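Engineer: Each chain is listed here by its residues.
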Amino acid sequence: MKIRSLNPNFRRRLVTYGIVAAAFVFIQILSGAGLLTNSLSGQLVPICAYVIMAVSLNLTVGILGELSLGHAGFMSVGAFTGAFLSVCCKDVLPGWLTLTLALLAGTAAAALVGVLIGIPVLRLQGDYLAIVTLAFGEIIKNLLNSFYIGRDSAGFHLSFKDALSLGLDDTGEVIINGAQGVTGMPRSASFTLGIVLILVTLFVVQNLVDSRTGRAIMSIRDNRIAAESVGINVTRYKMIAFTVSAALAGLAGAMYAHNFSTLVARKFDYNTSILVLVFIVVGGLGNIRGSVIAAAALTVLPELLRGFSDYRMLVYAVVLIVMMLFNQSPQFAAWRQKLAAKFRRRRPNRKEA
Amino acid sequence: MQYAISILLSGVSLGGQYALIAIGYTMVYGILRLINFAHGDLFMVAGLLMVYLSANLPLAASIPLVLVLTVLLGFIIERAAYKPLREAPSLAVLITAIGMSYLLQNLALLVFGSAPKSFSSVIALQPLRLFDGALIITGETLTTILASAAIMAGLTLFVNKTKVGHAMLAVSEDRGAAQLMGINVNATISLTFAIGSALAAVAGVLLCSAYPSLTPTTGAMPGIKAFVAAVFGGIGSIPGAMLGGVLLGVIQSLSTAYISSQMADAIVFGVLIIVLLVRPTGILGKQTREKV
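Protein sequence lines correspond, in order, to chains A and B.
Position 295 of the first sequence, counting from 1, maps to 295 under the working numbering, and the rest follow consecutively.
Position 150 of the second sequence, counting from 1, maps to 150 under the working numbering, and the rest follow consecutively.
Hints may contain errors.
[Said to hold, decoys possible] Covered stretches of chain A (chain B as the covering partner; in silico rule of three or more C-beta atoms under 8 angstroms from a C-beta of chain B): (1) 125–131; (2) 137–143; (3) 274–284; (4) 329–338.
[What the hints assert, rightly or not] One-sided excerpt, in silico: chain A residues whose CB lies under 8 angstroms from chain B: (5) 43; (6) 67; (7) 112; (8) 116; (9) 134; (10) 149; (11) 150; (12) 168; (13) 264; (14) 317; (15) 320; (16) 324; (17) 326.
[Unchecked claim] Label-pair restraints from in silico Cβ distances: (18) B:65 with A:318: 24 to 30 angstroms; (19) B:56 with A:326: 35 to 41 angstroms; (20) A:335 with B:176: 22 to 28 angstroms.
Hints listed in this document are in silico derivations from the structure and should not be mistaken for laboratory results.
Model, not experiment: these values are computed from the prediction.
We put the beta carbon where it would ideally sit given N, CA and C, even for glycine.
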């Protein structure tokens, strides 16, 4: 079978998988040759987590067309659930089983929170939806910051006040300690795991996008009223996209948690949500492969250019504004068309979200 | 009892500041259908400018200068980032606004540094002592309440009685029709941004007098909360922004005092979510029907 005779969607997917696999081999060769700096090899798992975050947020923003500003909230739910499970089970179960369970639990918990938040949020549209997702992200952060859970011989205790009011006996240990977060997770996440999870995420998202469900979701993005009038259940499809997106963010969070031995809720604030948004805007809204490349590149670049790191957020802000002006402003569009006519390059005329 | 009254008053004062910022949000939203995320950071910039200018200049010169500079900044932001996107999809403009907010925060971080700047209060009023000193109202609280009430009254008169104010209402009602009636739409939008920025500057000076510590991210949370206040009162409506701001300030003060300071933000955002679900157009908002 020739590669050209394949379905174009399938071919596109294969290329994306190929890029991820090539990146994996490249990094393995580098690390085998001892060319990876310490700081960079420490960043490998977070990079994978951010790639998954970007792909999953692109499902909400690029494919569904609703701006979500609380994506880090789902990541923190996944991270805390996974970390909690790991700390609980690490002495009882073998390491690989603990990690698998933690990843599954993180994904499931984030999906559950996604459904709970999605029910009210998805009744809203546009700007209102964006601001409410922001509100939920902040609420999740605030709740986790004042959430205490501990374990002793009598079982689990939880509190929203402080660690003392848990009332633990002598055998007790505090597992989630409010703003101090969770400590003592096994650092069991590896780069290989990260790559496998990226491939799983890509498989899930790209299959969803290319399916009947995916076409329904995109039709809501392009024209909600028209989609509704041909019998598409808008709420249901919005819910599917939102929940899958939340679940994958939870997966990213659970993996991220297992790269560090401590975890605090402060890490997953509004800024993290915006950071992931920058990744997908730079990669192209609705373009899954673009998200993968942009997330990886924008996390590695500041790591490589050390002196540049002070200006990193500033550059992100400028990039965000310039990308939007470049893609959407009529003056820029005219200028781009002139440029394109000069080079006579034929490009597929894809509509941007 | 005195405690409850003082909590309530500080809530109203905080609410007055939220209301001043919320008016800027609500006016811009009314005209452009845009959540101007950079608005909250504008008020942080105003506060930082005040810190530097009041250190070198007398108060009578630094306050007008801060106002002028903030208005100028608001005007530049609108012209550079939002005007080219007038016809673009709303998602694109919203992301641009977020980028602008980030840009202001990080520029301030580079220029002013991340260490908190202390702010000496610009209000010379003595605290008011009632009930033999059992209830003390600080000069800042009193000035904020009075100033926001005066500004709101003036703004309501301006919008409803003057020709320019009518033009603003007309543009927010229907931009195309307003243009056909000979209204200079771009000038009106710029004016809206200018007024919003001026109010943000006033709020910045007042808020920093009450809570005298300032960092480049000071603007983010009050900015978002002021937007919540605008939504709460009904976005697009100026009286709604005032009502929403004051209510939100009171809710925040009460929950900080009586429930938990950790959870105050969560409660404020919870209120937003409930309001949007029960009455998506806010307390004083108009119901609009979407047409195909």
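Engineer: Run every hint past the structure and note whether it holds.
Structural biologist: Against the structure, the hints come out as follows:
1. 125–131: holds (count 5)
2. 137–143: Per the Cβ count (4), the hint holds.
3. 274–284: holds (count 3)
4. 329–338: holds (count 4)
5. 43: Violated, about 21 angstroms.
6. 67: holds, 6 angstroms
7. 112: violated, 18 angstroms
8. 116: violated, 12 angstroms
9. 134: holds, 7 angstroms
10. 149: Interface hint status for residue 149 of chain A: violated (16 angstroms vs cutoff 8 angstroms).
11. 150: Not OK, violated: residue 150 of chain A not within 8 angstroms of chain B, min 18 angstroms.
12. 168: Result: violated, 21 angstroms to nearest chain B Cβ.
13. 264: violated, 14 angstroms
14. 317: holds, 4 angstroms
15. 320: holds, 3 angstroms
16. 324: holds, 4 angstroms
17. 326: Given a least distance of 10 angstroms, the restraint on residue 326 of chain A is violated.
18. B:65 with A:318: 24 to 30 angstroms: holds, 27 angstroms
19. B:56 with A:326: 35 to 41 angstroms: holds, 40 angstroms
20. A:335 with B:176: 22 to 28 angstroms: Since the Cβ atoms of residue 335 of chain A and residue 176 of chain B sit about 26 angstroms apart, the hinted range of 22 to 28 angstroms holds.
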